[in-house]
Each structure stands twice: as C-alpha cells, then as structure tokens.
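K.L.:
So the sequence lines, in the order shown, correspond to chains A and B. Per the numbering used here, the very first residue in the first sequence carries number 1; after that it's consecutive. Per the numbering used here, the very first residue in the second sequence carries number 1001; after that it's consecutive.
Heads up, a few of these hints could be off.
[Claimed, not checked] Taking lysine to aspartate or glutamate pairs in the EDC-like style, the calculated list, with each CA pair at most 16 Å apart, reads:
id : chain 1 : residue 1 : chain 2 : residue 2
1  : B       : Lys1177   : A       : Glu272
2  : A       : Lys291    : A       : Glu105
3  : B       : Lys1090   : A       : Asp51
4  : A       : Lys260    : B       : Glu1251
5  : B       : Lys1093   : A       : Asp316
6  : B       : Lys1090   : A       : Asp316
In short, the hints are calculated from the structure, not lab data. This one's a predicted model, so the numbers in the text were calculated from it and none came from an experiment.
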Amino acid sequence: MKSVTLTASALAIAVAAPAFAQSRENVQIAGSSTVLPYATIVAEAFGENTDFPTPVVESGGSSTGLSRFCEGVGEGTIDVANASRAIRDGEVETCASNGVEEIIEVRIGYDGIVFASQQSGPEFTAFEPSDWYQALAANLPQDGEMASNPNSNWSDVNGDLPDVEISAFIPGTRHGTREVFEENVLLAGCEETGAYDAMVNDMGMSEDDAEAACMEVRTDGASVDIDGDYTETLARLESNPDGVGVFGLAFYENNTDTLKVATMSGVQPSTETIASGEYPVSRPLFFYIKKAHIGVIPGLKEYAQFFMADEIAGPDGPLSNYGLVSLPEGELDEVQQRIENETTMDSQS
Amino acid sequence: MTDATAGATPAVDPGRKSKSIITTDDNTRRRNRAEKRFQYYGIAAIGVGVFFLLALTFSILRSGLPAFTETAVSLEINLSQEQFDEAESKLLKTGAYEQLFVQALQQQLNAEGEGDVEVEEDAVGRIMGNVGSEIREFYLANQDQLGEPVTFNVPASSRVDRYLNGGLSRESLAESKFLTPEDLDIVDRLVEAGTLTNVIDWDFITGTDSGVDNPGGAGLGASVIGSFFMMLVVLVLSLPIGVAASIYLEEFAPQNKLTDFIEVNISNLAAVPSIVYGILGLAVFIQFAGLPQSAPLVGGLVLTLMTLPTIIISTRASLKSVPPSIRSAALGVGASKMQSVFHHVLPLAMPGILTGTIIGLAQALGETAPLLLIGMVGYVARGYPDGIVSGLMDPNSAMPAQIYTWAARSDPAFYEKAWGGIIILLVFLLAMNALAIILRRKFERRW
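Next up, chain A with everything else stripped away, as it sits in the complex:
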C-alpha cells in the first residue's frame, strides 16, 4: 500500500517538475575543445568577479557546438558556441531555418597548431608542409596518374627525417583544427611539391577535385584520427614512441616536460611567431553569441564583454598567459565595439 502512495507522489513530482522550470540563470556554452580551456578560465573569473552565476561550458568540438547552437532559440538551447574555425555558410543557413537568425561573431585571438613527439622519441625537429603531404596523402601522383601512397617511413619522404614508420595522430573531422591542418599543411604541401599543378595540368583534374585529392588523408593506419581531446593524442604518443601528434600551442606549452616540438617551414612555434604571422599553421578562434538570448539569459552580454576586456583577452591577461595569441590592439577594440553594439554577422558584411 505504502509503495502505491509513493509511486503516486513520485509521479506527481515528475509531472509538476516543468512548472518549476524557471528561466535559466546561467549562460550555457558548448563547442571547440581548443577554445574550452580559455572559456573555463573566463567562466571561473566571471563567476568570481561578478554577481552572475558561473557559466556552464561543455566541450565536444566546433562542429558539434555549432550544430547545437543552430538547433533553435529558447532556454533548452545553448547561448554561445565556441569554435576553432569560422562558421560555415551551410551552418548559417541551418541556423536561420531553425530561427537563429542573428548571430554575433566574436574573434578571441589566435592559436598555433604544433607538431610534437615524445621528448625521448626520434629526432623530429623540423617539418615542411610537403613532408606531411607526402606522408599522409591517400594518393600521390606517380608517372602521370594517381596511385596510392607508397611511403611507409618518414625517411622515404625526406632524408633528413628519422627512419621510423609513419604514424601520425591528427585531429578528427569534427574538430575545427582538422580543417586548418588540411588547408595550411596538406594543401600547402601539395602545392609546394608540385603535385597540385601536376593534377590540374597533366591529369586534367578540375581545381576542386585536385584540392580534394590534396586533402584526402590515407586510411591504411599510418594516420589516425583522434576524435577526443589532445590528452587522447598525448596518451597515444605515450604508447607509441615513434608517433607524431598534432596539438594546440597551449597544450604543448603545458606539457613541455613530455613533448618536444618541431619547427614548421623552419619557424619555431611560439606566441610571438604566431602573432607576427611567421609561423604558418595558425588559425583564429571564435565564439558565437545568439543575439535573441541577450536580455533573456542574464549575464550573456556581460560574459562576452568580460571575455574580451583588455584585462582578460589582452596581451597581459590570463588567456595570453595560458597560451592564447591575443588580438592586435586595433582588432581587440573593434571586437569590443561589436559586442557593445551587438553587431550581428549580416549587418557587418
């Protein structure tokens, strides 16, 4: 008898619960695992230094974050999407069709992509984009036609590299980092080696097809997609001393005791070389705000303003200290203005 009453009351609680669902008080954020560390630093400081509750920041990758962002407007959807690449046109369309029409784009700074291996592993000290293209491409032009990649060791690609089997751990396709890796490393290497020209001129491929062929990664096990965070890449390197992994600069700087970094095109990655543009593999980091939620979710605009304040995102702030390459002076002002005026993406172009 008792349990019947209990069931009834429990059911009553479950039914009545939505009535409690008062308006959400905290900012809800999801997206890129590269932006995640910066977002948590800001979220912690935001909670400590303002009267607003600490925002909730989830990870998941840029694409996951943006697709959740585009699900619609309302308290059940996230307010801010972190991304390590710019939003794509297709995503803007999806957003619009779901009612998310006004999006504020905030560029927070730049991040370098570095190529690192185990501290005690083989001497991977200098890479060129062409090395990576020839090591990882699915097909290479050989004797006037595309044939599957014959290279098995790094020394086959470049005599200066160690004679160990190619084993690379690169970000999976749901990470924004992958896109930058494909464009700034694989495509650049493809053009450098003349493979691109060979495809277009000699083999009669269209430019789009040639680009796609340049960025296609081999699937025979020499290259492994990592869909998790950089810690997963690090764990894979620890179990494979000959492996080379792709990391964010901030992650590498936190783990200099176990990782050693290689130069790319002869440039050592650092906040300085990335800020000056010398280091070739870097990309801007973003977050996107749902304008419809400003004024509905308390603290949303304040969070964005706090994030981009000189004290936080500026060159002496905690973000830069952690490894973010800050925006140059003028650009930072512009971003602050954009948040202040709530300038959406359509109205700025």
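Once you've looked at the hints, dock chain B against the given chain A.
P.N.:
Below, chain B alone, put in the same frame as chain A:
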C-alpha cells in the same frame, strides 16, 4: 597408504582389478589428479584476479593520493582600506588581490635575501597558484580585518607541487614558460624557510571545479552533491515504480502473450547501452518537456530509466524466491491476495529488493555516457545549492563526469586530480556495496 590397504585385503583375487572403494585404482587416481588439477586452475584464476585488483588499487592510490595534499604558502599580509577599494574597483578583482599577495611575498623574499639577486615579481607569480579569489572572499567577509596583519595559507602553483612531490625534474622545465629552473631556487629557499609546506587539501574534497589554469582550486565537493541529488531522484522514482511493476507482473498478472512480451522487453532494456538513454533524455526531458540543461533532475530521470530494468529483474527474482507455502498459508487463513503480498511476501523479499536497488544505484552512480548528452559533462563550477529545488534544477556535474572532465585537461596536475576523484568515487561505491551486503546478511532468510 595405498600399499597398506592393498596388503590388508589379501582375499581379493590379484588378477582382477580391485573394485573396493577404499583401495585406489588407476582410474580413481586419475580422477583424483584431475580434481587436484582443477583446484590448482581455480586457485590460479583467483590469483590472477587478486593480482590485477592489487595492481589496480596500488596504481590508483599511488597516482591519486597526491591529489589530497597541496603545497601551500603561508604568509602574513596587511591590506589597507585604500588597497581594498582599489582592488574592488577593477574589472578583474581577483587578479588585483593576487598581485598584492605576490608583491608582499616578493618583498619578504628580497628583505631576507641579504642583498642577493633581486627576486622578480613575475617569478613569484609563477610560483603562486591562483590565490586571488580566496583572499578576496576573506576580505569581503571580514572587512574589519583591513589594516591588520592576516596570515593566509594559499596554494602554490601545481608545478611547484609536482616538483616537491618528485614528479617534475629541473631538466624537464627547460622549455616551460610556467615555471623556469631558476624559479626552483626560490622554491627551495621558501621550503627551507618553512613558508612552503605540504598540507591536506580540504578544498579538493569540498570545493567546486576550477578553470584550467587553476588546478590547485579544483574540488569534487559540488559534484558529489550533484551525484547525491541524482541518486535521490533515481531512488524516489525507480524503487516504487520498479517494485510496483514487479509485484504486479509476479503476483497478479495473468500469464499471456502480452505479459510475456513485456517481460522479454524488460530483460532487453537492461542490456541497452546507457548512451541510448542519454539521447532519449535529451529529446524527451530537455527538448520536449523543457527541463533545464545540466540539471541533476534530468540526470536522475535518465538514470532512473537506466536503473528500472535492473531493479525490476532483481525484485522479481527475490519475490520468486519466497516459497509458495507462505502465500498459500496466508490465503488459507483468509487473507486477500493483496494482503498476502503486502503483509507476507513483500517483507520477506525486502532484503533482496534493497540489495538489487543499491547495486542498481551504484551502477547509476558511476555512469558518464548518458550525462554527456544532457550537459552535465563539462565545466560546471557552481557552488553548493541552497535547497532541494535548486539542488535539482541548478546546473551541476556528477562525480564520474567531473573525473572525465579533469582527465581531458592539458595541465598534468588535473590528471592527478582525476585519479584522486576516482578514489573518492570508489569509496562511495564500496560503501554502497558494503551496505547492500550488510542488509542482505542481516535480514536474509534461508528456506
């Protein structure tokens, strides 16, 4: 022994094989040997299990115990009203307090240094963890202490901690910008002076999550509360629903195609991967019912769905184990069907039901996958809830989710925190299982 027995029965025809059960013949010996061998296999199997258990326990304790201590800097500082007002006027107030503390430590170092090399402010800053919020909280609560010397015990940076634990060598810092080998000279000086000490990190047990640049401030406390509220929801919903469903199916339901179909499906549900329940929870509870994201209530509802089949199966098993004679006796003295169930069968089955429920709860406690989709895995650094409603509705994390989050962070100090979190989670799980065993031992009836 064998010879003696053989000698004692001379009457047996020597040409014929002995059929005596006392004398062992070849066949018996072979069977005995096989039995012995099997016992050794069994012991070896147990040995392998125990070995792995010990290895696992050892590695968890070795990696996790350092998380319970921290390297703290103890320093007396004296903040004036003007410094307080100035710090409060800034945007990044905690940063201002941290700077004041760092400057005080720098001054003390330079005063003691007897004209040695000047210690730079940046170097002191690298040695210290994020201490601003602790100092600010203290002064906000105790403004009367302004202008008087106050001693603070605040955490040093995670790398100093690892250096003093032996986890970090001087050489490996060559490339690091977070702590340089020269800074370690200052650290050594501070240890000698007794300013740097190893203390128990109570914040780790009671505190909330912290930003990635502040491993010293990270704690599991808030997520323990989150897990508690989730378990509360699971218990309140799944126990009555599960027990009612099992009693009906076991005692009242007619045996027909429909009940067979339901039974098969309950067994199938028990085997459904937990992530499926997460997707269901996202679609039904958040997107359709409009419950808040990251709320322990939603987590609890999702885990209830996951735990229900387990509870129903174990409850039905314990109802089945009550002998039919009890039911017949009750019915025989004139009890109704319902009276026989609630007065006699259910109390006798209760220990088994509770054991099943606790084991189901323990399973739910360690679950991360369904929480991933409802927003409980991530940076959820909320303080303690004010009451039951805010405990259920405010964003919170859960213990396994928090451990997962820490393990994914780049600063190796968080990895240590993750191991420490595993120890706390295991303590909870062991306590729940021990409770289940005690209940079973105390109340179980054998027939």
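K.L.:
Given the proposed pairing of lysine 291/A with glutamate 105/A, does the C-alpha separation stay at or below 16 Å?
P.N.:
holds, 10 Å
K.L.:
Could you grab the alpha-carbon distance between lysine 1177/B and glutamate 272/A and see if it respects the 16 Å cut-off?
P.N.:
Given pair lysine 1177/B, glutamate 272/A holds - Cα atoms ~13 Å apart, limit 16 Å.
K.L.:
For lysine 1090/B and aspartate 316/A, compute the direct alpha-carbon distance and say whether it is at most 16 Å.
P.N.:
It holds: about 15 Å lies between the C-alpha atoms, which stays within 16 Å.
K.L.:
Given the hint that lysine 1090/B pairs with aspartate 51/A, does the C-alpha gap stay at or below 16 Å?
P.N.:
holds, 14 Å
K.L.:
With the threshold set at 16 Å, check whether the alpha-carbon distance from lysine 260/A to glutamate 1251/B stays at or below it.
P.N.:
violated, 68 Å
K.L.:
Check whether the Cα positions of lysine 1093/B and aspartate 316/A lie no farther apart than 16 Å.
P.N.:
holds, 15 Å
Hint 4 alone, counting from the list given before, is not met by this structure.
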